[in-house]
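Q: Using the sequences and the hints, build the whole thing.
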Amino acid sequence: MKTAMTWGDAPTSRAPGAVYTDDALYREELERFFYRGHWCYVALECELPNPGDFKRTSVGERSVIVVRSADGEIHVVENRCAHRGVAFCRERTGSVKSFTCPYHQWNYNLKGDLVGLPFRRGVKREGQVQGGMPADFQLAEHGLTKLKVARRGGAVFASFDHGVESFEDYLGPEVLHYYDRVFSGRPLKLLGINRQRIPANWKLMQENIKDPYHPGLLHTWFVTFGLWRADQKSQMVMDARHRHACMVSRRNEGGAADVTQGVTSFRADMQLNDPRLLDVVPEPWWGGPSVVMMTLFPSLIIQQQVNSLSTRHIQPAGPGLFDFVWTHFGFADDSDEMTRRRLRQANLFGPAGFVSADDGEVIEFVQQAFEANPQARTVSELDGREVKATDHMVTETLIRGMYGYWREVMGK
Amino acid sequence: MKLDFDTWFQVQSLYADYAAALDARQLERWPGFFTEDAVYRLQSRENFDRGLPLAIMAFEGRGMLKDRVFGAAETIYHDPYSQRHVVGAPRLLTQDENDGWRCESNYVVIRTKRDAMPEILSVGRTLDRIVATPEGLRFGERQVIFDNDLIPNSIIDPL
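In order, the protein sequences belong to chains A and B.
When the letters of the first sequence are read in order and numbered with our numbering, they come out as residues 41 to 452.
When the letters of the second sequence are read in order and numbered with our numbering, they come out as residues 42 to 200.
Simulated from the structure, these hints should not be mistaken for lab results.
Mixed in with the good hints, there may be bad ones.
[As the list claims (entries may be wrong)] Okay, the calculated bits of chain A under chain B, using three or more residues with CB under 8 Å as the criterion:
| no. | segment |
| --- | --- |
| 1 | 66 to 72 |
| 2 | 305 to 317 |
| 3 | 380 to 390 |
| 4 | 419 to 430 |
[To be verified] Over 12 Å on every C-beta distance to chain A, these chain B residues come out as not near it, computed from the model:
| no. | residue |
| --- | --- |
| 5 | W49 |
| 6 | A57 |
| 7 | Q67 |
| 8 | N88 |
| 9 | S123 |
| 10 | A130 |
| 11 | L134 |
| 12 | E138 |
| 13 | R143 |
| 14 | N147 |
All C-beta atoms, glycine included, are put in the ideal place defined by N, C-alpha and C.
A: What follows is the structure, encoded as structure tokens:
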């Protein structure tokens with residue numbers, strides 16, 4: 041069913057429900073955002089420390105393998121045999137010398153080049169050669185699909201589009217500044233992976249982390265303990281095209297204040313039985329902010345919330361479903377005490393997190409309502425209808441910025 | 042140290058009472074099944090098998106367990122649901138006077154939301170260390186390792 045796309049006289053602030061529910065629009069988004077002209081997150085380098093180490097992941101809906109070759113380079117290839125299309129890599133991680141498709145044993149090296157295949161020259165029988173590939177068959181023309189790779193500061197991004205701009209230009213200087221703050225090249229340590237499947241459109245998660253309005257309202261912990269709330273010094277930063285964003289803030293002492301008046305999630309009486317859950321120790325590399333939440337369009341959120349660090353990878357699976365994969369990390373030179381602190385604070389995040397289980401829940405309910413009525417529209421007009429960087433968090437400007445960019449690329 | 046029938050019956054009762062309390066959503070009873078300094082971890086099989094420390098819940102001591110109870114009951118907004126544990130008979134792995142009894146059990150937890158059919162929320166096993174206290178048997182350690190690394194949206198109550 042074709043649904044109406046009406047933005048009316050609100051060019052970016054009143055998204056029509058079809059942007060969350062329409063299958064044809066979603067297919068177009070995959071092409072225009074995930075497969076063309078954009079960089080998508082695939083891995084942290086510390087997941088592949090040694091030659092031969094690989095990780096299977098996704099770019100959009102397409103399965104890809106990230107692998108380190110003998111020379112230390114990282115390659116990203118599509119998980120699809122060039123012969124008959126088998127998604128041959130089934131393990132999530134491992135270490136291999138080469139890739140072999142089980143169906144007809146086509147064999148590829150770690151760069152994705154086709155090295156050999158059985159019966160290429162046919163089978164000799166009674167002096168006759170039977171079968172074999174045509175004489176003009178070229179191995180070089182039948183490698184795995186190779187993606188362009190960008191590595192910066194310990195994280196790896198890939199693009200099916202070899203004409204894509206440089207990763208640095210893609211982020212732009214304002215966002216790159218905050219990216220480099222986390223991924224400075226200081227070696228990382230992998231702490232683990234958490235995965236959740238959320239029945240909602242992938243953009244709703246981007247919006248959630250471009251929305252500084254909700255944390256001090258939906259999340260009791262944020263407002264009560266001063267982790268994120270509207271009376272804090274903060275900046276909302278975007279790249280020139282408004283697709284990426286950073287929400288930057290400084291923690292305050294929490295407790296009751298003007299800003300907690302009438303906020304039903306605020307709990308003046310709330311004390312932790314065990315304060316180690318929120319044993320925050322400022323780190324020199326923060327350079328001021330205690331929280332920076334970055335959205336890199338279309339596929340990634342980079343979280344620094346006090347001592348907890350993660351990448352959150354958005355893997356869409358249809359207009360109303362995505363997998364959300366959290367990779368928690370620290371630094372290789374962290375003390376054992378700091379590692380324990382990061383792991384304790386990890387209780388705040390992920391599919392059971394004190395301040396993020398409810399994000400997955402609310403966006404599921406958004407999806408349900410728009411699927412029932414795709415003619416309905418959102419109203420993201422806190423702090424006006426225009427798009428601009430701000431020095432406060434009482435704003436929905438980042439969401440408007442994202443839809444401005446979305447409309448530019450989609451032409452809708 | 043011998044595991045007599047009476048003790049084995051108490052082990053069985055600990056498992057059954059634990060599941061019954063959670064399924065009845067008597068969350069305030071949950072920390073009482075543990076020793077004061079107990080460790081509780083709810084972790085994916087993926088992280089467990091790879092030796093990665095990250096869990097989705099990781100608590101040390103009854104204080105943190107109480108903080109989770111408050112969070113689940115009072116602060117985390119979520120779709121209301123009920124859960125049902127189906128727990129297999131525990132399998133004794135080791136017993137030692139100082140260490141206590143180490144047991145493993147299989148489980149399935151089914152989640153039922155108000156307007157939906159039941160679904161499997163979690164399936165896996167527990168790795169437990171049970172100790173005798175003056176108040177009866179308690180978990181000194183409970184690791185819940187779930188096979189379904191991919192969680193259907195969120196988990197609010199402990200398993």
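Q: Now tell me, hint by hint, if it's right for this structure.
A: Against the structure, the hints:
no. : hint       : verdict
1   : 66 to 72   : violated (count 0)
2   : 305 to 317 : holds (count 8)
3   : 380 to 390 : holds (count 5)
4   : 419 to 430 : violated (count 0)
5   : W49        : holds (32 Å)
6   : A57        : holds (24 Å)
7   : Q67        : holds (18 Å)
8   : N88        : violated (4 Å)
9   : S123       : holds (16 Å)
10  : A130       : holds (27 Å)
11  : L134       : holds (24 Å)
12  : E138       : holds (30 Å)
13  : R143       : holds (23 Å)
14  : N147       : holds (21 Å)
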